[in-house]
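Enquirer: In order, the protein sequence lines correspond to chains A and B. Residues in the first sequence are numbered from 1 upward in steps of one, following this note's numbering. Residues in the second sequence are numbered from 1 upward in steps of one, following this note's numbering.
Do not rely on the hints blindly, as some may be mistaken.
Same chains, same label: a pair holds when it works inside one copy or across any pair of copies.
[Claimed, not checked] The calculated DSBU-like cross-link candidates involving lysine-lysine, where the alpha carbons are at most 35 Å apart (straight line), are:
hint, residue 1, residue 2
1, 196, 67
2, 251, 267
3, 251, 306
4, 251, 141
5, 306, 74
6, 67, 306
7, 141, 120
8, 321, 251
9, 141, 190
10, 306, 253
11, 267, 253
These are computed hints drawn from the structure, not numbers from a lab. Note that the structure is a prediction, hence the values are computed from the model and not measured.
There are 2 protein chains.
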Amino acid sequence: MRTITVALDAMGGDFGPHVTVPAAVQALSIFPELNIILVGDESVLIPHLSSLGFYPNDRIYIEHTDKVIADTDKPSSIMRRSAGTSMRRAIDLVEDHTAQACVSGGNTGALMGLSRYRLKLLPNIERPALVSTLPTRSGQKVWLLDLGANVSVDANTLFQFAVMGTALAEEHLHRTPRVAILNVGTEEIKGNELVKQCSELLQQVQTINYIGFIEAHQLLHDEADVVVCDGFVGNVCLKASEGVANLFLEKLKQHMLSSKLRAWISKILFSELFSDLKQLNPDQYNGASLLGLRGIVIKSHGSADKTAIINAIIEAVHEVKRQVPSRISDRLETVSLERQN
Amino acid sequence: MRTITVALDAMGGDFGPHVTVPAAVQALSIFPELNIILVGDESVLIPHLSSLGFYPNDRIYIEHTDKVIADTDKPSSIMRRSAGTSMRRAIDLVEDHTAQACVSGGNTGALMGLSRYRLKLLPNIERPALVSTLPTRSGQKVWLLDLGANVSVDANTLFQFAVMGTALAEEHLHRTPRVAILNVGTEEIKGNELVKQCSELLQQVQTINYIGFIEAHQLLHDEADVVVCDGFVGNVCLKASEGVANLFLEKLKQHMLSSKLRAWISKILFSELFSDLKQLNPDQYNGASLLGLRGIVIKSHGSADKTAIINAIIEAVHEVKRQVPSRISDRLETVSLERQN
Numbered sequence: 001m002r003t004i005t006v007a008l009d010a011m012g013g014d015f016g017p018h019v020t021v022p023a024a025v026q027a028l029s030i031f032p033e034l035n036i037i038l039v040g041d042e043s044v045l046i047p048h049l050s051s052l053g054f055y056p057n058d059r060i061y062i063e064h065t066d067k068v069i070a071d072t073d074k075p076s077s078i079m080r081r082s083a084g085t086s087m088r089r090a091i092d093l094v095e096d097h098t099a100q101a102c103v104s105g106g107n108t109g110a111l112m113g114l115s116r117y118r119l120k121l122l123p124n125i126e127r128p129a130l131v132s133t134l135p136t137r138s139g140q141k142v143w144l145l146d147l148g149a150n151v152s153v154d155a156n157t158l159f160q161f162a163v164m165g166t167a168l169a170e171e172h173l174h175r176t177p178r179v180a181i182l183n184v185g186t187e188e189i190k191g192n193e194l195v196k197q198c199s200e201l202l203q204q205v206q207t208i209n210y211i212g213f214i215e216a217h218q219l220l221h222d223e224a225d226v227v228v229c230d231g232f233v234g235n236v237c238l239k240a241s242e243g244v245a246n247l248f249l250e251k252l253k254q255h256m257l258s259s260k261l262r263a264w265i266s267k268i269l270f271s272e273l274f275s276d277l278k279q280l281n282p283d284q285y286n287g288a289s290l291l292g293l294r295g296i297v298i299k300s301h302g303s304a305d306k307t308a309i310i311n312a313i314i315e316a317v318h319e320v321k322r323q324v325p326s327r328i329s330d331r332l333e334t335v336s337l338e339r340q341n
Numbered sequence: 001m002r003t004i005t006v007a008l009d010a011m012g013g014d015f016g017p018h019v020t021v022p023a024a025v026q027a028l029s030i031f032p033e034l035n036i037i038l039v040g041d042e043s044v045l046i047p048h049l050s051s052l053g054f055y056p057n058d059r060i061y062i063e064h065t066d067k068v069i070a071d072t073d074k075p076s077s078i079m080r081r082s083a084g085t086s087m088r089r090a091i092d093l094v095e096d097h098t099a100q101a102c103v104s105g106g107n108t109g110a111l112m113g114l115s116r117y118r119l120k121l122l123p124n125i126e127r128p129a130l131v132s133t134l135p136t137r138s139g140q141k142v143w144l145l146d147l148g149a150n151v152s153v154d155a156n157t158l159f160q161f162a163v164m165g166t167a168l169a170e171e172h173l174h175r176t177p178r179v180a181i182l183n184v185g186t187e188e189i190k191g192n193e194l195v196k197q198c199s200e201l202l203q204q205v206q207t208i209n210y211i212g213f214i215e216a217h218q219l220l221h222d223e224a225d226v227v228v229c230d231g232f233v234g235n236v237c238l239k240a241s242e243g244v245a246n247l248f249l250e251k252l253k254q255h256m257l258s259s260k261l262r263a264w265i266s267k268i269l270f271s272e273l274f275s276d277l278k279q280l281n282p283d284q285y286n287g288a289s290l291l292g293l294r295g296i297v298i299k300s301h302g303s304a305d306k307t308a309i310i311n312a313i314i315e316a317v318h319e320v321k322r323q324v325p326s327r328i329s330d331r332l333e334t335v336s337l338e339r340q341n
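Isolated chain A (complex conformation):
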């Protein structure tokens, strides 16, 4: 069994070591082949580890750094002052092949900038994209990208997102994924120049299974496997979905627990309902991948709890096993060859 090493930015996210350390410990019990490097301040991390009865060992060890990148740091200053931060060091561990993937819940802009600067983009890629899956009505998944790595893109970049999404999704699906562009209508005349131009590009290639435009309310209806959009639209789409899902769960709980009788009956008769509805909450699907790089970088929600961080680590392990960057590279080459002919 080949060892998989994941570098975890233990200081990143809203709750830092309070959730990253317990998540790391638990993730080790899921994958016997997994090693984790906790990157951060050892004077903080060791007490957290020892409170769980753990000490640095062969499978979980600490890479000491004494600085962190703040959420408020400007992109311009991050590059200059990134040396010695936990996020930068976690990425560097992937760059020098000490780790095969890194996970961070820190500043998205910083993670993207530093990953791009340190790991470099794959050939034929202009911009990395943030991708995650949303749960669909039938219990399947839909891959949505970009979720916010790029607030504006051109048609060619959106086309590349379709190729990258295809490479990622086909590994899960074991078939060629159906790719759609998120738009304000499904008719060809609908939308802005970006989606119209990208649609034309996608119609010209056979190696991508492009099925046309999709509207946001169809996203969870199993009509497409991969949905592409610019990062502004994708971010709004994901967060609007999370907002409504959370509000529904909140209202449901209020009602169910509004009387003792209701609470008691809910517990007996509707316990599975809660877990089913929670599954629908996109917020639970933690671990967005930064695609298009020569290494694996997983972005965890800033507000991620222990379970969510474990999910992000699981995603990192899966991507290492599936060799996502080289699969994307292969796909890009195939499409590039088709476009040249």
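We have chain A already, so just place chain B on it with the hints.
Expert: Okay, now just chain B, sitting in the frame of chain A:
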């Protein structure tokens, strides 16, 4: 009591007269001062009316047209072939002051183009915007615009949306509404050029209560009263919210009704839950206004049922009573004066 006349495009929407005629009849019973002109094919409309025991009279009458605008019609051909269609005639009735507002569930692009062409824009307005309210967590409303009238806009147009949204919302709220720009983050450095430039413009005026950026998951959290974005983003935001809300309701029903016992208990204990959750479904909030015109035009969902069309007619009546176009005009003038000084 002053009479209010609403022209209803009785042929528009997915279900046409099957829902528009019963909705019109019921709306008359809500507002004693309301008259409705059903615009469409009288050979179709009269049987629908008579099946409900109604005949054209002083309060509900038919304006005969024998053509309709199809959803698939291209914007370029709509202007040319709009004469004699139910939508065009409904708008013309507003233009010649026979009606004070019109309601249509037809092709959004056509409705916008024809309204703009026939009714003209207010002074200081470059583009009309589609606005609707979403239900918030506390049971209040948030006004979101644009919902798809413009797939791309500049910062000045987005600024005008903020002014129009303020004029509409302050009438409901009886206070100065808090205005925010929808963005991918709340920090000033976040977002694309459009939102950054518009934010600068809004910071320069005192007559708009601009509170900064808002993220899509905060939309229903009562943090802002008016939220502005371009029509592409707004459309995706609204439809993503609808998609998740509908999926939750569907799953909830499946669980509640999965056994006779559960169905029976749900009916007794959780009946109010359904209506409460349905209230959260943005889909129920029918009747988006086309703002920025010299007349009142309400866009109904294409898939609207009878209740939804009644809601659209109610919105039309409210806007007539509140004299929305002249209020917007006043607001625009105040802001324009402030910017000149």
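Enquirer: It remains to establish, for every hint, whether it holds in the given structure.
Expert: Verification of the hints:
no., hint, verdict
1, 196 x 67, "between (45 Å within a copy, 30 Å between copies)"
2, 251 x 267, "both (16 Å within a copy, 17 Å between copies)"
3, 251 x 306, "both (24 Å within a copy, 27 Å between copies)"
4, 251 x 141, "both (25 Å within a copy, 16 Å between copies)"
5, 306 x 74, "within (28 Å within a copy, 52 Å between copies)"
6, 67 x 306, "within (23 Å within a copy, 61 Å between copies)"
7, 141 x 120, "within (29 Å within a copy, 46 Å between copies)"
8, 321 x 251, "between (40 Å within a copy, 34 Å between copies)"
9, 141 x 190, "both (26 Å within a copy, 29 Å between copies)"
10, 306 x 253, "both (22 Å within a copy, 31 Å between copies)"
11, 267 x 253, "both (11 Å within a copy, 17 Å between copies)"
Consistency with the previously given hints is maintained throughout, with no hint failing.
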